[in-house]
Structure formats: C-alpha cells, structure tokens
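Chains as they are written, first to last, in our numbering: chain A, 1 to 82; chain B, 1 to 385.
The hints are simulated quantities; they were obtained by calculation from the structure and are not laboratory data.
Bear in mind the structure is a predicted one, so any value in this text is a computation, not a measurement.
Where a beta carbon is used, it is the ideal one built from N, C-alpha and C, also for glycine.
Misleading hints may appear alongside valid ones.
To be clear about the criterion: a stretch of chain B counts as covered by chain A if any three or more of its residues have a C-beta under 8 Å from a C-beta of chain A, and this derived list gives those stretches [said to hold, decoys possible]:
(1) 13 to 24
(2) 73 to 83
(3) 179 to 187
(4) 250 to 256
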Amino acid sequence: MYQDMDEQIEVVAVFESHKMKPARFRWNGRVYKISEVTGDWNTNVGAYKVHHFAVVDTSSNFFQLTYDERQTSWMISKIWVE
Amino acid sequence: MHVDMDAFFAAIEIRNAPHLRGKPVIIGGDARFRSVVSTCSYEARKYSVKSGMSIAQAKRLCPDGVYISGNLSEYVYTAALLQRIFENYSPVVEPFSVDEAFLDITGCHRIYGTAENLVKEMKKEIEGKLGLTCSVGISPNKLLAKMASGENKPNGLTIMDRDDFKRIFYPRPVNSLWGVGESTKNALNKIGIFTVRDMAARNQEELKKYFGENGVGLSVISRGQGNTEVFSYDNRPLDKSMSHETTLIADISEIEKIYSTLLWLSDKVARRLRIDNYHGRTISVKVRSSDFKTITRDKTLTCPTDQCMVIFETARKLIPREYGPKEKVRLLGVRVSNLEKKRGENQLALMEDFSHEKMIKNSKTIDILRDRFGESVISYAGAKL
C-alpha cells in the first residue's frame, strides 16, 4: 500500500523532449537512482502547477515525487510499503 | 465508434507500480470513511468485486486484494491526454465520461484503409504514450457502439451492425441493454418481457402505456436504433444541471453539521457554475438518512443564481425538519438545475438589492483568489473543511 509522505528531497532532473524527468534523488542521506518514470501528471494549484512523477528506483522501490513550481521544491509524496 | 478504457483507474495505478500487474487491484476510498469501489482490475472482478460496492464488502470478497485510495487528479489529467489522442483520429470527439468517448469516424477510416487499421493505430498510440489499453465498438449508432465496446474486454474491438445486434443481444435478458437497470428489468419481467427479443416484439404504444416516455426509449433501444449524432466539446448541448454530494464520514444528527456540509456543497456547486458561466433557477437538496431512505426537495427561484449564499439559504430551508434531531443523515447533496448561460452581469431582484450586489463582489474576490492560489485558499466560515 502507499504511505503518504511529505518530506523534502534533493533531486537531479533531466530535461528532454520538452519534459522534465527526475533522474536521482537524495532522501535521508541516501541516493536513489531512478530506473523508470512510470507515470507523470500535473495538478493546478491556482495559477501554479505541481508536477507529479511515479518512479521506480534501481532496487524496485516505488515512489511518487512532486515538484511544486511555486515553492521550487521537490518532495516525496508517497512511498510503496508492503 | 465508442472507446472504453479498460479498468481505467486500476490500469493507471498498475502502470505506475508495475509490480501490481496480475494482482487484484481495487481503487476506492478508505473503508473507515464508508467509501465505495470506483473500479478494479480484471483479477479483482474474478472475486465478484464490482464498481459501486462498499470497500468493506469488497474486502470480505477479496481480502488479499491491493486497495488503493486513488488519485482523481491523475485520472483527469490522463483523460485530457487521451482526448488529444482521440482528436488525431476524428475531428468530432464526444467525451462521455472520464474513461469513455464517442468518435465520429465517418470518412476518417479511409485515411487508414479500414476502420480496423484506424483502431489498431489508435490503440498503439494510447499504449505507447500512456501505457493503457482500451476496448472499442464500431456501429451505425452510439447505442450499438457503446454495447459493442463491452463485448470483447479487455483490449478488444467489436464491429456490430443491427443484424449482429439481433443475433447477439436478442436472446439476452433485458438488463443487458445499456440503460436498463435492475428496477426496469423487474418491471419488464412483471409484464412478461424477459429477453431483448421479447421487448422488441412489443409495440411502442404498449411500452409507452406502462413506462410513459421511457417506454418509447425502451422500444427504440430494443431494436438497436438510437442517436447517431456525436457532439464535440464545442458543440455539446448545454449542461442541464450541476450538483455535488457527499457521503458523510459518520451519520450526523447535529443540525449545525448538516448546515455546514450544505454550505460547503453549495460553495462547490456555485464555484463550478461561475467557472462555466452558468446560472440556474432550481435548487434541489438530496438527503439520505441512516436507514437509506432518500428524499429530494427543490425550489425554483424567480431569478437565476450562481451565488453560494443564495443556493445555501434555499437548500437549508428545503431540508425537512425531522432530519438531524430525529433522523440521522448519511448523505447530503445540492443540485442547481434549469441552467442558462449567463449574459453580462447577474440580474438583480426587482428591488435594488445592495446586499446581493455585495455578495456578487465577494464571490468575484473569492474566484480571483482561488484562480491564483488554489481552491483551498479561502472558504466560507462555517463550511465543512
């Protein structure tokens, strides 16, 4: 099941084909390398956008990351726990 | 052509977390909040889990299922991307729900050689860009197309003309027709109509005698006839009503809580009316008590409105007195119907009404704030959070 989170992270993202893709992130001192962005979508919060990414890391962990344009910050919003 | 996405919400969650593939995945809210199943994967359907069933019941049928509360904003976003893909295959696309659409492909199929090729290309694009599959029905009218798309799920294509319809559907029970539910089925059974063939054999006047105008519709659909016109977004008919309802976390008896929920619902409906530039004359409330008795009450105003406080005050007065103190409330809903597109400023009542003018100014300010900072930035004091 997904566990809701609200923790700030540092992200390295790449920009290709007019799209932003997170490539790796640091959370609690550990670096997670993203092997696949399985889904991405946006939500509007007023005039700003929040970008959401469903990602799988190289150890097959599942996360949902968000980038908030207004705050210019990245968060972990969900993590899959068995 | 009718396109129906296969287990849309569940398919999106499985795409996001591929380790869920092959597992019974059920999308719905938290069981503690009396939520229902929105959709489920085909694996979950083997356990008789169905849309609309309570999560608690689904958990009894499928205790080892994967339950996900879902993310409506992602589903709506994906639906918008789908709409763009559909528009590559037909200039006339009518969204029918978040995961279904009608496409008028008259003539378009020639670009691809055949209708099958068009569908093949479209399915390939949907799967490539969104990682999702769909089922497609192609028929001479929307009713048949809708029923055809349900014939070969998932990832199917069914081309069905009226002769195919007669062959496939005539032996089936009446509720296999689109729009015929359990209560209509029971009513039809009482007059000796059990199969689609039985219904098609009756003349329209006879069905009209029993079911009024609905009888005419039943007669039409049992013969596989129906509407052929596909409305694109720009040419869609005007909305008839806008509503919002909520099942409460727990049944409530306190009248203040009922009113605060009504205020919250009125605000939601009023905001949608203003965004889409509508106002409406008829305000309705829907109340379901804890014993599942549901009532609706409505009132038609002299002047149409898009104002939360007008909707709320009207709705508040429509709630029967026994609700709250004597009968606990399980569900509340607010609807505004009799809609018209607004032309210019809101019309004031006959007498010059400065409080109304002030209310309109307040709503405009609320809209400006919400447009800029999001829906939750401001709310009416007392509205349910």
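Hint-by-hint comparison with the structure:
1. Counting residues of the segment 13 to 24 of chain B whose CB lies closer than 8 Å to any CB of chain A gives 5, which reaches the minimum of 3, so the coverage claim holds.
2. For the segment 73 to 83 of chain B, the stated coverage by chain A holds: 4 residues have a C-beta nearer than 8 Å to a C-beta of that chain, and at least 3 were required.
3. Counting residues of the segment 179 to 187 of chain B whose beta carbon lies closer than 8 Å to any beta carbon of chain A gives 0, which falls short of the minimum of three for the stated coverage.
4. Only residues whose C-beta sits within less than 8 Å of a C-beta in chain A count toward coverage, and the segment 250 to 256 of chain B has 0 of them, not enough to reach three; the restraint is violated.
Of the numbered hints stated above, those contradicted by the structure are hints 3 and 4, listed in ascending order.
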